[in-house]
Amino acid sequence: AQSVTQLDSQVPVFEEAPVELRCNYSSSVSVYLFWYVQYPNQGLQLLLKYLSGSTLVKGINGFEAEFNKSQTSFHLRKPSVHISDTAEYFCAVTRNRDDKIIFGKGTRLHILP
Amino acid sequence: DGGITQSPKYLFRKEGQNVTLSCEQNLNHDAMYWYRQDPGQGLRLIYYSQIVNDFQKGDIAEGYSVSREKKESFPLTVTSAQKNPTAFYLCASRGQGVASPLHFGNGTRLTVT
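These protein sequence lines map, in sequence, to chains A and B. Its first residue numbered 171, the first sequence is counted upward by one per residue in the numbering used here. Its first residue numbered 133, the second sequence is counted upward by one per residue in the numbering used here.
Simulated from the structure, these hints should not be mistaken for laboratory data. Among the hints, a few may not be true.
List time: in silico DSBU-like cross-link candidates among lysine-lysine, alpha-carbon distance up to 30 Å [said to hold, decoys possible]:
1) K270(A) <-> K141(B)
2) K215(B) <-> K275(A)
3) K141(B) <-> K215(B)
4) K189(B) <-> K270(A)
5) K275(A) <-> K189(B)
Build the full structure now, drawing on both the sequences and the hints.
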């Protein structure tokens, strides 16, 4: 069975500092990985996805993530955060189109002035 | 613009009453999903439908029911049998193709007192 672990429930970071949000997954087969962002009282928006190929994936709003198969990780990074990045971030995994998408429990990013 | 519309945004009900949450999409997606979100618990799958007139239970289907009579619509009924119905409910759809991401509506916040 697949599972997703987001190691930090909350991450505080100063404005303009770099940030890394951690995500680890478990699966016995190849997976597809996603990061979503949720602003308060809204639905989720896709930030980026990894399907195959280059392990470094660039997404919207300056975010990027690196797929590491040996460590079964898909950590999300941004070199310099802005106050507008305050949101909850979800890592998700699926095996193929017909399978369910499994979500982590989310990481709340707090930007400190 | 194509998207998913959930209505209403806020819903209040008395305990013991059934309530139906609306979800409509104009993305021409076959698959639709209902998730429940509670603080600190991420997204949990309630029901999903991969084609009209067919749907499957997710991880927490007890106390909920759905129908899929049209491709565009996937309403969720929260019945009086659901023990803790107060939550944020998210509807999503997914297109064809390997590893298609989910597209989300803006959610309905249900409060039952």
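Hint check results:
About 25 Å separates the Cα atoms of K270(A) and K141(B), which keeps this hinted pair within 30 Å; it holds. Restraint check for K215(B) and K275(A): satisfied, since their Cα atoms lie roughly 22 Å apart, inside the 30 Å limit. Of the supplied pair hints, the one linking K141(B) and K215(B) holds, its CA atoms being roughly 22 Å apart against a limit of 30 Å. The straight-line distance between the Cα atoms of K189(B) and K270(A) is roughly 11 Å, inside the 30 Å bound, and the hint therefore holds.
Pair hint K275(A) plus K189(B) holds up; C-alpha atoms about 21 Å apart against a cutoff of 30 Å.
The structure is consistent with each of the numbered hints, conforming to all of them.
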